[in-house]
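Student: Please build the complete structure, drawing on both the sequences and the hints.
Take a look at the letters that make up each chain.
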Amino acid sequence: MLETKNIDFYYGGFHALKNIGMKMEDHTVTAFIGPSGCGKSTFLRLFNRMNDLIPDTRLTGECLIDGEDIYHKSVDVTSLRKRVGMVFQKPNPFPKSLFENVAYGLRVAGTTDSRFIAQRVEESLKGAALWDEVKDKLKKSAFELSGGQQQRLCIARALAIAPSVILMDEPASALDPISTSKIEDLIHILKKDYTIVIVTHNMQQAARVSDKTGFFMLGELIEYNDTKKIFMSPEKEETQNYITGRFG
Amino acid sequence: MNSHLLKQNIAFAIFRILGLMVVSILFWILGFIIYQGAGVISWEFLTSAPSNGMTSGGIFPAIVGTLYLIVGSSVVAFPVGILSAIYTSEYAGNGNIVKFIRIMTNNLAGIPSIVFGLFGMSLFVNTLGFGDSILAGSLTLGMLALPLVIRTTEEALKAIPDTFRTGSLALGASKLQTVHRIILPMAFPNIITGLILSIGRISGETAPILFTVAAYFLPQLPHSIYDQVMALPYHLYVIAVSGTDLEATRPMAYGTALVLIVIVLIINISASYLRKKLQKRHA
Numbered sequence: 407m408l409e410t411k412n413i414d415f416y417y418g419g420f421h422a423l424k425n426i427g428m429k430m431e432d433h434t435v436t437a438f439i440g441p442s443g444c445g446k447s448t449f450l451r452l453f454n455r456m457n458d459l460i461p462d463t464r465l466t467g468e469c470l471i472d473g474e475d476i477y478h479k480s481v482d483v484t485s486l487r488k489r490v491g492m493v494f495q496k497p498n499p500f501p502k503s504l505f506e507n508v509a510y511g512l513r514v515a516g517t518t519d520s521r522f523i524a525q526r527v528e529e530s531l532k533g534a535a536l537w538d539e540v541k542d543k544l545k546k547s548a549f550e551l552s553g554g555q556q557q558r559l560c561i562a563r564a565l566a567i568a569p570s571v572i573l574m575d576e577p578a579s580a581l582d583p584i585s586t587s588k589i590e591d592l593i594h595i596l597k598k599d600y601t602i603v604i605v606t607h608n609m610q611q612a613a614r615v616s617d618k619t620g621f622f623m624l625g626e627l628i629e630y631n632d633t634k635k636i637f638m639s640p641e642k643e644e645t646q647n648y649i650t651g652r653f654g
Numbered sequence: 075m076n077s078h079l080l081k082q083n084i085a086f087a088i089f090r091i092l093g094l095m096v097v098s099i100l101f102w103i104l105g106f107i108i109y110q111g112a113g114v115i116s117w118e119f120l121t122s123a124p125s126n127g128m129t130s131g132g133i134f135p136a137i138v139g140t141l142y143l144i145v146g147s148s149v150v151a152f153p154v155g156i157l158s159a160i161y162t163s164e165y166a167g168n169g170n171i172v173k174f175i176r177i178m179t180n181n182l183a184g185i186p187s188i189v190f191g192l193f194g195m196s197l198f199v200n201t202l203g204f205g206d207s208i209l210a211g212s213l214t215l216g217m218l219a220l221p222l223v224i225r226t227t228e229e230a231l232k233a234i235p236d237t238f239r240t241g242s243l244a245l246g247a248s249k250l251q252t253v254h255r256i257i258l259p260m261a262f263p264n265i266i267t268g269l270i271l272s273i274g275r276i277s278g279e280t281a282p283i284l285f286t287v288a289a290y291f292l293p294q295l296p297h298s299i300y301d302q303v304m305a306l307p308y309h310l311y312v313i314a315v316s317g318t319d320l321e322a323t324r325p326m327a328y329g330t331a332l333v334l335i336v337i338v339l340i341i342n343i344s345a346s347y348l349r350k351k352l353q354k355r356h357a
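Protein sequences, first through last, are from chains A and B. Numbering (our numbering) for the first sequence: 407 to 654. Numbering (our numbering) for the second sequence: 75 to 357.
Hint data in this document are derived by calculation from the structure and do not stem from the laboratory. Hints should not be assumed to be uniformly reliable.
[Said to hold, decoys possible] Derived, one-sided and incomplete: chain A residues facing chain B with beta-carbon distance under 7 Å: (1) Ile460; (2) Pro461; (3) Thr484; (4) Arg487; (5) Lys488; (6) Met492; (7) Asn498; (8) Phe500; (9) Pro501; (10) Gly511.
We treat Cβ as the ideally placed atom computed from N, Cα and C, and that holds for glycine.
Tutor: If you want it as structure tokens, here you go:
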């Protein structure tokens, strides 16, 4: 379970997240929607501490995974990131073979058992619904895949290290409609085994894939509820305005 | 023809003439050297030592000396330069320390090479007691190459998009693993090119080796890194202005210049060849 309490986040003097508290249950898909610059991606990146890479930022409040404060001094960031996988907006496979892309997370974790690695690579590619398309060309460069396949490769790469949470930062925004629907189907399947948090600009996508939806605006969590409720009968006027397209 | 088009054509014509001028200067120098120097190039010239007060014989010891200095200064400059470039561009962020290091690196590049020579003499030759030697000369030339090596390596690393870094870190890789397994292999072709070009640049330097290693006349080859060597740029200087019989050695000076240019040319061509080959492999 992911949980935040009184999260405030600053980029230098800019107050990017304001007093955010929310809970995300295991094996659910939670979507974050909101206008550009509302803080939804910043909030997403708290959970694998990718914001640590940005200089001059400051965080207050608590960010818990299964009750453990992931910003506590004793937490090793690299092992946190093995538990919390991430898929980025633009597919970013490494300039390596398909096989080595998926094996990367295992190799950096120190795994050397090549039979185990081969088995994990196959499982992960199957998990990302890519195996049938690529099983004969695992030695080929990842750059030879289409954009949609590359993104599923990046999902497979994240699955290989057996995380419990997968963060997706607009995973389909650079893809064509067919690739997008494949990613969405995949999210439905992955939900059984993983807790998924997805940031999206596409409200139909949020409605299609998620169980719960959080609406962000100007660094605040305006409304957080079951996805059906958010899209059918939102409680707040700002949410209503946003989902009906009156701004944003 | 309207006046805009006319102006444009005139401007382009001027640019074109200036561009051609640059090329023609290069070809003029090359042609002049080849015309004056090609006559003395022979197997004997390339493989024998100078004789008869350097009025006959060849330049073999100087060629060997220059190659030794190229290798020696590479050994000095490459590890230090590459590692500090990795530090400044991958680890140190963008704080004041890095800005300071960068400004100082640029300043180092701006120091005249004769000052490096003087410094090298004072530190390596005298204070550290290496004497006039390949060691002292390589250290001095290596220092001269450092800013170039650092700069080109930094550029090569910066050319790698951040998405590869975040992608690797998000999979639980450490920063060191990310640099080692993703960033360096990707930047490698450009780093190599930069290294080779830096070496090409410094292999023609005269001032830094003047007081640190170069011998006026030394027909036998060095036995250790504590020996002096002859070197092409300095030998060129010697037989052009301070030999025993300048008229007789003039053609040999041009021949020496030609050999030096060809060595630098070979280095540069192999750099671009190597880059193309490596880029294909990593694509």
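Student: Identify whether the interface hint at Arg487 of chain A stands, where standing means a beta carbon of chain B within less than 7 Å of its own.
Tutor: Holds. Min distance 4 Å.
Student: Interface hint check: Thr484 of chain A, Cβ to nearest Cβ on chain B, cutoff 7 Å. Holds or violated?
Tutor: holds, 5 Å
Student: Do the numbers back the hint for Ile460 of chain A, that is, is its least Cβ distance to chain B under 7 Å?
Tutor: At about 10 Å, which exceeds the 7 Å cut-off, the nearest Cβ of chain B leaves the hint on Ile460 of chain A violated.
Student: Per the CB criterion, is Gly511 of chain A less than 7 Å away from chain B?
Tutor: Given a least distance of 4 Å, the restraint on Gly511 of chain A holds.
Student: Return the status of the interface hint for Pro461 of chain A: holds when the least beta-carbon distance to chain B is below 7 Å, violated otherwise.
Tutor: holds, 6 Å
Student: Hint validation: Met492 of chain A versus chain B, beta carbon distance must be below 7 Å. Holds or violated?
Tutor: For Met492 of chain A, the interface hint holds, since the closest Cβ of chain B sits about 4 Å away, which is under 7 Å.
Student: Any CB of chain B closer than 7 Å to the CB of Phe500 of chain A?
Tutor: Because about 6 Å separates Phe500 of chain A from the closest Cβ in chain B, which is inside the 7 Å limit, the hint holds.
Student: Any CB of chain B closer than 7 Å to the CB of Asn498 of chain A?
Tutor: Check passed: Cβ of Asn498 of chain A comes within 4 Å of chain B, closer than 7 Å.
Student: Identify whether the interface hint at Lys488 of chain A stands, where standing means a beta carbon of chain B within less than 7 Å of its own.
Tutor: holds, 4 Å
Student: Hint validation: Pro501 of chain A versus chain B, beta carbon distance must be below 7 Å. Holds or violated?
Tutor: holds, 6 Å
The structure fails hint 1 only (numbered hints given earlier).
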